[in-house]
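Residue numbers (this note's numbering), protein chains in the order written: chain A, 1 to 327; chain B, 328 to 662.
Nothing false has been slipped in among the hints.
List of simulated lysine to aspartate or glutamate pairs, EDC-like, C-alpha gap at most 16 Å:
| hint | chain 1 | residue 1 | chain 2 | residue 2 |
| --- | --- | --- | --- | --- |
| 1 | B | K445 | A | D322 |
| 2 | B | K445 | A | E82 |
| 3 | A | K136 | A | E169 |
| 4 | A | K138 | B | D349 |
| 5 | B | K658 | B | E566 |
| 6 | A | K139 | A | D63 |
| 7 | B | K445 | A | D318 |
| 8 | B | K622 | B | D540 |
| 9 | B | K385 | B | D370 |
| 10 | A | K136 | A | D63 |
| 11 | B | K622 | B | E588 |
| 12 | B | K380 | B | D369 |
| 13 | B | K445 | A | D111 |
| 14 | B | K619 | B | E588 |
| 15 | A | K273 | A | E25 |
If you are wondering where the hints come from, they were derived from the structure by calculation, not from laboratory data.
What follows is the residue order along each chain.
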Amino acid sequence: MNDNPVPLSRDELLRAYRMMKTIREFEERVHVEFATGDLPGFVHLYAGEEASGAGIMMNLRKDDNISSTHRGHGHCIAKGVEVKGMVAELYGRSNGTCHGKGGSMHIADLDMGMMGANGILGAGAPLACGAALASKYKKDGSVGVSFLGDGASNAGNFLESLNLAAVWEIPAIFVVENNGYAQSTSRDYAVAVDSYVDRASGFGMPGVTVDGTDFFAVHEAAGEMINRARKGGGPSLLECNMIRFYGHFEGDAQTYRGLGEVEEIRKNRDCLKKFIQQVTHAEALTHSDLDGIDQEISVLINEAFDEAQNAPRPTEADLLTDVYISY
Amino acid sequence: MARNITIREAIREAFDQEMERDPTVILMGEDIVGGTGSPGEDDAWGGAMGIYKGLFGKYGNRLLDTPLSESAFIGAAIGAATCGMRPVAELMFIDFLGVCFDQIYNQAAKFRYMFGGKAETPVVIRTMYGAGISAASQHSQTLTPIFTHIPGIKVVCPSTPYDAKGLMIQSIRDNDPVIFCEHKNTYSIVGDVPEELYTIPFAEANIVHEGDDVTIVSYGLMAHRAVEAAKQLAKDGVECEVIDLRTLSPIDMETVIESVENTGKLVVVDEANPRCSIASDISATVAQQAFKALKAPIEMVTSPHTPVPFSPDLEKFYIPSTEKIINSVQKTLSN
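Bound conformation, chain B alone:
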């Protein structure tokens, strides 16, 4: 039976049910229990976003607080994954992954290939991305394209509670390394989520708004902005097809191409910086594979090529807005 719950609750439920089902699932990260070794209560924090709250009482030492040693504990999660465990390691902010990037892109990503197909590294690294809370340049980036660039790792980016639960369970069960990216302004989004366990396959985009005039492709928080834009445009009689990619590596280009072949117009919305981004990748692929279907130049709505600013005023200009998406859609129509 489905209930209305938040993304926060959906991810916690995914952990709870998978840990109950599979004893090899362990969770680790900074403050994911919170209070280990401290004089106050155990399970004080349950992670910086409270995702894990309550799990320590049920699963004890299968949740591990870590020292602030990102290379060591992300590497240990990767090593444990090659030795029969299914670790989920949290690194609070995607910005921090630079600290331990070697373990991700030279180690986990390479094992399968470099070892001749003999390694299985079922590790999930979950992390928070995105701007919107004045956390400034080192806590606000959308670094998803950095990870999609690397063969050997998968990149997942849910936008709804239903997707968050199903994709997290799929990520835990997947035998390749997965970077699970959650936008920090999506945790309180509410939606229908079945109580039972279910998975969502990777590389299956979701058409979240139907239309024949313009295709809008996005993911994560920006998928919500794209739907908002589509709803406003519908009032003026412009019907947009909004595609929420859900996973960025692998990526469902078939659904995108099929839609562009129908609409002939494409707007890609990506909170990441524009150079070598998900937006530029989709634009290039569509230009290569569906050039003849295009009736207007492809539009990209992204953040500018700048770091994320601190000031709320500047940050508002930085993040792709519904208004900018609408303008871009109208631009494709004016051609």
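Only chain A is shown next, with the shape it has when bound in the complex:
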């Protein structure tokens, strides 16, 4: 362990805070707007899980590739996908990140190394292996990171990918974002091992469990794995134990959760509060530093939603475009 409780530069800390706070504000606003009925489809919110995405993405370069999950807004923002495009995408508008054809569950920006949120659980794991394999051929030192939840950790796609990555010794990192629930089914019921470290060792790769609400713990553990992978040290698995503030999807009544559970975690296990406490306690950042960022984010989110709500809608002609490159 590093003796310094906040072992990042001031600029890096500001960037990490901006990442986490942007995700939080984005998701809180989506929560509000979804309730009005104006947002189509279904959305799965990342609020409460920001430290995981940010802790990992702060170690990544633009040319590193990630494959995400159905709960992908946070991964997109942390990987650098433009927020205004994302909001327009959620509204299904033609200026959205995917021109309104992907929506919340399929936002991708390959130029930013974001291979897509994914509506199929575990399906991103083979894709991240593909990115890692390409990196091995290109010898560019990039890595492929596969995010998945505790639910998808039981999918064959994921388990096959662990073995494939280990056999091929490719620079792949598997991040199990364990928020305790696969929809409504608890992780304790559905996963036979107590720790994902056991599952990693079963596939011949190192595994580490961290408190996924602690940005610095995630950042340090992910950093070691990513650096090892960049140097040809092969794949690893990181388990981030974390919580979600909202239901599986917006509209989930969450009756499967314990009485007072959500209130308790919001009060005592909020990763953003923890980060603020850590950086201000260490006097690495001041409240005034953070307030300045908060104001900028507030403006950005307000603009993004205002603009998206007034953005052009796709036309019938758009329905038929971009099925193939040529056909």
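Since chain A is already given, all that's left is putting chain B on it; use the hints.
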């Protein structure tokens, strides 16, 4: 200069020449090298059909044996394709594609559209289809219509060595995902193949036998049966125009319609099961677009709506035969 070589050799030559030309082309699949990590010789198998034999010695780790994890390695090929590689992944039998179907129809097929036109996924999945060797229900199907049903993927099905080489090179260079289907009873078919690199564009059907009386449309191994039927019918003075589709998605309906407008009669031959098949699709399209040209009901010669049987006796009844094609042609003429 053209030589007489087999489909097996034509596909190997396509890989060899494309790998030499383009360093981003990689090949992967179960046993495509054969012997990786084993105490015996490397390149022991060169794939279940020996297609890749010799390539490992030339291209080394650009050929990858895979664990028996179809979802993982087909998905990895797709992922690598979005990251600048041109992978060709082999899944021995088309029947096995069900194991990793999600990666094909929810992932590769959807990226271009779902990501707003920004993704390129130049992956080729090559696979073997068809009945005829008593491999029974799980190793003999003609599942081509399952793939043509899905927007976002292309489906290629060569019948000759010339087409196999040209279409494989086109498939590798194509920037959309391609399912490349080879009938398992066509590998030893011999034909003229130029030594140099060439491509055959998709959606260009080939008229392999000319005639004005009846149009027969087919693809893959069945195209050979259709030509055989046409030759026999010619002895009785019936002139059939046989169209080998070569690619099923995209499909060259123009050539089919043009021919039917000339002959007024259509027989479609497809080894796939009949419901929602290539045969039924062509029949429907012709009925929609050339109804007035038709002088007789359209005939479909397909396998029955059953799984592929094991017994050689039953399998013979299952596969569309030259005789059945001839009977169907005569039926259109009797109207």
